[in-house]
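Asker: Protein chains in written order, with our numbering: chain G, 12 to 272; chain X, 50 to 304; chain W, 175 to 455.
These are computed hints drawn from the structure, not numbers from a lab. Check each hint, because a few of them may be wrong.
[Unchecked claim] Quick look at which bits of chain W chain X covers, simulated, 3 or more residues with Cβ under 8 Å:
(1) 264 to 278
(2) 293 to 299
(3) 431 to 440
Where is the CB? At the ideal position from N, CA and C, for every residue including glycine.
Here is how the chains run, residue by residue.
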Amino acid sequence: MISSTTMAKRAAPALACIGLLAVWQVASLVLKSDSFPTAIEAIRAIPDILGDRESLINILASLRRMAIGFSIAVLVSMPLGLLMGRSRAVAAFFNPLLMVIYPVPKAALMPIIMLWLGVGDITKTLVIFLGVSLPVIYHSFEGAKAVEEKMLWSGAAMGLSPLQRLVRIVLPAALPEILTGCRTGLVLALITMITSEMIARQSGAGNILFNALDMGQYDTVYAMIIIVGAMGICLDAVFERVRARLVRWSEPQFDLPLSFS
Amino acid sequence: MMSRFLSTNILLGVAPIVLVIALWQGLVSFGVAPAVLLPPPGLVFGRLVQQLETWTFQQEIAATVVRLFAGFAIAVVLGVSIGIAAAASPAMNALVRPIVRVLAPLPKVALYPALLLLLGFGHGSKITLVTADALFPILLSTYYGASTVEQKLIWSAMAAGTPRYEILFKVVLPAAMPAILTGCRIGLVISCIVVFLAEMITSTDGLGHALVTAARTFQAVDMFVPLITISLLGLILNALLGAVRSYLLRGFPEA
Amino acid sequence: MKVVPSRLSEWVRPVTLQQPACAIIEIERVSQVFQTSARKDHLALSDISLTIDEGAFVSILGPSGCGKSTLLYIVGGFVNPSSGAAKMKGQAITGPGPDRGPVFQEFALFPWKTVLGNVMYGPRQQGVRTNEAEAQSRALIEMVGLKGYENFYPKELSGGMKQRVALARTLAYHPEVLLMDEPFGALDAHTRTRLQNDLLNIWERDRKTVLFVTHSVDEAVFLSDKVVMMSKSPGRIRQVIDIDLPRPRRRNELLLDPRYQKYVVDIERMFDESDEAGSPS
């Protein structure tokens, strides 16, 4: 049996969604602007987009690139971050470089990479890879740095080699923090994907958005916003489920995802 | 001992940056990459210095900085006040929590077309986008910091005769300051990134626009210049915030 | 550490001794229930009644989890009892107030304020003008032996020094009752002894009412006029023991005093017996 308070807690995000849509509906009715359709009009346009074969292929292609870019980024960044967290020298080597790269908008590299590699999948995947890497490196680094020294001593006393210690002690101990980084990275992957498509204007979800904007199909613009927003919220919710399962043993995590472009 | 240790660290840290530049130069010098696509570093940095002196480029920087600061400042004010309110009042908490849960993972840049339609192509839409993106990390850290304030600090202040409403400003806000500033640091970098992207997607001025203009005419050198400028801008602002941080948190351990 | 007696009277309102043994705090049938999980309640305090006389040094002694700190928080007005009431000078306690000054085990100093800033906080909050508050606070800091540390931040001080600042910060707003929540619990043995001596020195000059929570039998006997022994689950008063030892107490004399030793041994035996006879939980 679920108590009424937990019910209310579970329903709260859904209620918030409905509330936000209601605010939108009222605002658009009040403003009565051509460029601001009502929420209902926008929702009605969603089946048209998802029913259109070409748009659907476009969106699915975007998602595939995102998945590939995200996976490669995690596979490369996580070991690097862990090594940085356990070795002062490695950290001192990479930290300043990462600090310089940090404020560079990764999606802004799109035009330059396009210049080199063309507008194909490689370019777009590479940009997503770059966007995801930094938070994953950063969180793995912080997680590995915080691993208790005495735990490693115990491991060394049991005869574990440095590599074994990294895989069997540092990795699981830093896992909650790493997964926080992955969660940020996942939302970032989506954002980088959309942004780079908006900038390159070749194909994908971001392109559909701006094409509709250029052609004055405002319903489609807002419908796409809802689709992209829903993708973000769903990806985050699914990942949060996975994360909670993987690190059941750790303290309940407080933070909500920190997403940014 | 300490200084030697530090200088080794600095050497180690400078090494990869030097390596990247050397590799970059090498690629050009050995003809692996044609100079049209990858201009040599000397040319890019020369161009940067030259550009920084011109009035038009300064105008671009100014436009970007104005949007960045305006968006960031609004995000700080909103984020800190909503975060504290959510931590202090159960009613606010019940209202804010689900909304934040929905809006935080939403890719804000997807809202940009709507902002363009509603607020036009000028400063308004870009500042709003910067605020929307920088708001959540600041709000969440503030909320976290404010809701984990040591209970006994509050009790000590109340016993000394502080009225409840003053506790918020005299205890909760200063005690949450480390968390707030961590949020601001993330928010600032996000602001840098977002303002640049917004200008790239559609704008008539600003650093992002400078990059797009250069890309349209395949001026590789001019594409690098705004990128390096925004990176430098980010580093300078980060250092400034670091200075503010170490001043404000001078009493806190591990600051 | 030297304490300046002439200075002390300025900080501490002299206690009127016309009516000896006049109750200042009355705890009447207080119970406290905490909800530990969805359907489980934990009875932290069960039907506690206790009267504390003005100017008395009373220790509440008991094992961890017996609710002794909760009882102190109820007197402080930080926690509302589930039933019953606590009164200060006949008035029901409804919230914290400057008449009851807490000193916590965790020090709870404001990390963003200097030593001087921390001590000045109370007087400033009471509306004392800045110059005056500063002069008073500087003298108090000197009294607790921290002259020269006025502009240090708490993070730069040792645990013992932090607790001295916390005591000065509380004394600065002239509370009538000091509520001390295991104040020396986080300190090493040596610092602890020194602070106990200093606290006694300060107290024996002005006889402010002190409610002192501790789990150390020696500490309770050494400092108090009265020891309230509590047992746990549920938290109850087991026994109240008057400590009839001469004052001023000097540690080196007292430790050799058979009466002191007997109090300590008797109290420890009573706790041991209750452990053996206690419920299996």
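Asker: Take the hints in turn and mark each one as holding or not.
Answerer: Evaluated hints:
Beta-carbon proximity to chain X at under 8 Å applies to 8 residues in the region 264 to 278 of chain W; the threshold of 3 is reached and the given coverage holds. Evaluation of the coverage hint for the region 293 to 299 of chain W: fulfilled, as 3 residues show C-beta separations to chain X shorter than 8 Å, against a requirement of three. Counting residues of the region 431 to 440 of chain W whose CB lies closer than 8 Å to any CB of chain X gives 0, so the stated coverage by that chain is violated, three being the minimum.
The earlier numbered hint that this structure contradicts is number 3, and it is the only one.
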